[in-house]
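S.K.: Residue-level listing of the chains:
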Amino acid sequence: MTRSPSSPGFWRSPLRGPRLTSVLGVVLLGGITVLFVTGLVSYAAYNPNLSPVNDKTPDKGILGFYLFSWPTDPHWLYRLNQGVHVTLGVTLIPVLLAKLWSVIPRLFALPPARSLAHALERISLLLLVGGALFEFVTGVLNIQLDYIFPGSFYTLHFYGAWVFFAAFIVHVVLKTPMALRNLRHLREEKDDLVSPRPDPPTVSRRGALWFVGGGSLLLFATTVGQSFDGLLRRTALLAPHGGADPGSGPNGFQINKTARYAGIDAAETTEDAWHLVVTGRTGTVRLSRAQLARLPLHSAALPIACVEGWSTSDQWWLGVRLRDLAALVGYDDDPPDVLVESLQRRGAFRRAALRANQVADPRSLLALYVNGEDLSPDHGFPARIIVPAAPGVLNTKWVARMTFGDL
Amino acid sequence: MPRLMRRPPIPVGSPFQLLLLAASFALAGYAGVRLLADDWFAVAVWFVGAALLHDLVLLPLYAVADRSVVRGLGAAGRREWAMYVRVPAALSGLLLLVWFPLISGMVERRYRLGTGLSPEGFLARWLLITAVLFGASALLLALRLRRATKQRPPAVH
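Quick note, the sequences are listed as chains D and H, same order.
Numbered by our numbering, the letters in the first sequence go through residues 1 to 407 in order.
Numbered by our numbering, the letters in the second sequence go through residues 1001 to 1157 in order.
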């Protein structure tokens, strides 16, 4: 019966055993916990409770229990959070694959269930394995702009994470004590993972762990550079925003969506055609770009940090403070929330809301210039929002209209 | 009645485990109805399909490939060389698996429009990394063989 995967003798690798599985499991316990927490933090960074335009998951119910007003300090907060989330996720892929490999005999083990509790645990394992792979696959596809998954990334990745997490908690509670015991014992106990008739080894168990770690290291080394500029970015050989910058000069840094992608017509952004419409307590003000440029201008050094995990170093932005624009329409000392609308035709975030604390921050700008030059079309000419610590898509480009007031 | 008694009842198992699982399923259900709200069939196919595809296709495929390498080398009396093939092949395959949309060029248009970057070069870079991995492995093997030849006492020859 060794031809059937249900028979223990079918599985020949001398590497499988509780120790290997326990080491990989403990690494995933730490890593996935960080992924889950940074994922929830990133979700909060969109301020989904502020306005329906920020909220891609309006039926989240209690799953948004922890939401808080996203801060503007430190200004690299989102950059760090999302860099960790994506880079760590990519790095953990070999560990996840190795962990699944190490326990594959149990998928076929007979009898399928020894008790009611065991049967339910196996159903829970489908949610665990399916959920883990679903989360990794949707994440890996999304950072490569390969939107073939069935629905909005935000919805799938967020609710999928909770389904996964429900099964993950059970698995952690049931298995961690055993895993730690396995790691503490010097000699391995026999269990169902150990092959009863192992092939002679081609590598030691230590060597196998180095192998998995090497895979993680390779993925890390070819990905992490996309969170930095210059030579470091060039080391990210296969990551979507690794390699060279899209241009040179002051506007040469990384772009999230080009003007062409967003459907911006150059005729709409000329000095004659474009006006910023600001609405507030005292009515509506229309400002041309030249008029905006005559308002008091302030500068801020802030990064662009994308949900996809890549980011730029701090760029030097120059523009009008959001709170000064609020003051123009009647909010002198009490800047409220703002709804920002873009010229762009497409994109889930062509309208985005910022909270009062973000508007009030003196570094929050409607930027006209970057690194000493006019914004380029791809970076949002004639004017764009830049807010410290906000996710990239909330830094609306090609701004057309701003409506101040409590949302 | 005695006839019914013959079959032992299915054991229930640990009550703690049952309670924990019930709580977990309740939370998974709460999130799950939201996950499946739009296109329930396609999402379920992706969710369950991911597990099936991994367990029943990807894993058997690479296991069979690995086994044939080990067998092939074993037939040549070089079983101990397996890691020199396995490591570069697995690392290269891993990179291909993770960055397949970019390497295969299937997102070329959206990538160029979205990022302003050239979508070309991913395939070339992956091939170069693969060449370096196999090359380095061959070099290591050659060095090891040379050292082994040098250290071998003359009597063995």
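Keep in mind the hints are simulated off the structure, nothing from the lab.
These numbers were taken from a predicted model, which means no experiment stands behind them.
Ideal Cβ placement from N, Cα and C applies to all residues, glycine included.
One or more hints might be untrue.
[To be verified] Now the in silico label distances, taken between C-beta atoms and shown as ranges:
(1) H:A1148 / D:R114: 46 to 52 Å
(2) D:D59 / H:R1110: 40 to 46 Å
(3) D:R234 / H:D1038: 22 to 28 Å
(4) H:G1074 / D:R234: 16 to 22 Å
(5) H:S1068 / D:A244: 48 to 54 Å
(6) D:R205 / H:A1065: 54 to 60 Å
(7) D:G9 / H:G1105: 43 to 49 Å
(8) D:L67 / H:S1118: 37 to 43 Å
(9) D:G263 / H:D1038: 21 to 27 Å
(10) D:R197 / H:S1068: 16 to 22 Å
(11) D:F65 / H:A1124: 19 to 25 Å
(12) H:L1061 / D:R197: 48 to 54 Å
(13) H:A1131 / D:F65: 48 to 54 Å
(14) D:R106 / H:R1109: 22 to 28 Å
[To be verified] Away from chain H, derived, C-beta distances all over 10 Å, residues of chain D:
(15) I123
(16) T155
(17) L156
(18) T202
(19) P240
(20) D406
[What the hints assert, rightly or not] Partial chain H-side listing against chain D, Cβ under 10 Å, derived:
(21) G1049
(22) F1134
(23) Q1151
S.K.: The structure should be examined with respect to each hint, and the outcome stated for every one.
M.R.: Cross-check of the supplied hints:
In this structure, A1148 of chain H and R114 of chain D meet the distance hint of 46 to 52 Å, their C-beta atoms being roughly 50 Å apart. Look at D59 of chain D against R1110 of chain H: about 29 Å separates their beta carbons, and that is not inside 40 to 46 Å. Between R234 of chain D and D1038 of chain H, the C-beta spacing of about 40 Å breaks the proposed range 22 to 28 Å. Between G1074 of chain H and R234 of chain D the beta carbon distance is about 42 Å. The supplied range of 16 to 22 Å is therefore violated.
A beta carbon spacing of about 40 Å between S1068 of chain H and A244 of chain D contradicts the range 48 to 54 Å that was offered as a hint. Under the hint 54 to 60 Å, the C-beta atoms of R205 of chain D and A1065 of chain H, about 21 Å apart, miss the expected range. Taken as a hint, the range 43 to 49 Å holds for the pair G9 of chain D and G1105 of chain H, whose Cβ atoms sit roughly 44 Å apart. At about 39 Å, the beta-carbon gap between L67 of chain D and S1118 of chain H stays in the expected band of 37 to 43 Å.
For G263 of chain D and D1038 of chain H, the hinted distance range of 21 to 27 Å is satisfied, since their beta carbons lie about 25 Å from each other. At about 20 Å, the beta-carbon gap between R197 of chain D and S1068 of chain H stays in the expected band of 16 to 22 Å. The hint said 19 to 25 Å for the Cβ distance between F65 of chain D and A1124 of chain H, and at roughly 48 Å that hint is violated. In this structure, L1061 of chain H and R197 of chain D break the distance hint of 48 to 54 Å, their C-beta atoms being roughly 23 Å apart.
Evaluation of the 48 to 54 Å hint for A1131 of chain H and F65 of chain D yields a pass: the beta carbon distance comes to about 51 Å. For the pair R106 of chain D and R1109 of chain H, the supplied restraint of 22 to 28 Å is violated, since their beta-carbon distance comes to about 43 Å. At the 10 Å boundary, the C-beta of I123 of chain D falls inside the reach of chain H, the nearest C-beta of that chain being 8 Å off. Separation of T155 of chain D from chain H is inadequate, the least Cβ-Cβ distance of about 7 Å not exceeding the 10 Å criterion.
With a cut of 10 Å on Cβ distances, L156 of chain D falls inside the contact zone with chain H, its closest approach being about 7 Å. The Cβ of T202 of chain D does not lie farther than 10 Å from every Cβ of chain H; its closest approach is about 4 Å, which violates its non-interface assignment. The beta carbon of P240 of chain D is not kept farther than 10 Å from every beta carbon of chain H, the shortest such distance being approximately 6 Å. No beta-carbon of chain H is positioned within 10 Å of the beta-carbon of D406 of chain D; the least distance is around 28 Å.
Here the hint on G1049 of chain H is kept, as its CB sits about 8 Å from the closest CB of chain D, short of 10 Å. The beta carbon of F1134 of chain H is not positioned within 10 Å of any beta carbon in chain D (closest approach about 14 Å), and the interface hint is therefore violated. The interface hint given for Q1151 of chain H is violated, since its Cβ lies 21 Å from the closest Cβ of chain D, which is over the 10 Å cut-off.
Hints 2, 3, 4, 5, 6, 11, 12, 14, 15, 16, 17, 18, 19, 22 and 23 from the list above are not met by this structure, while the remaining hints are.
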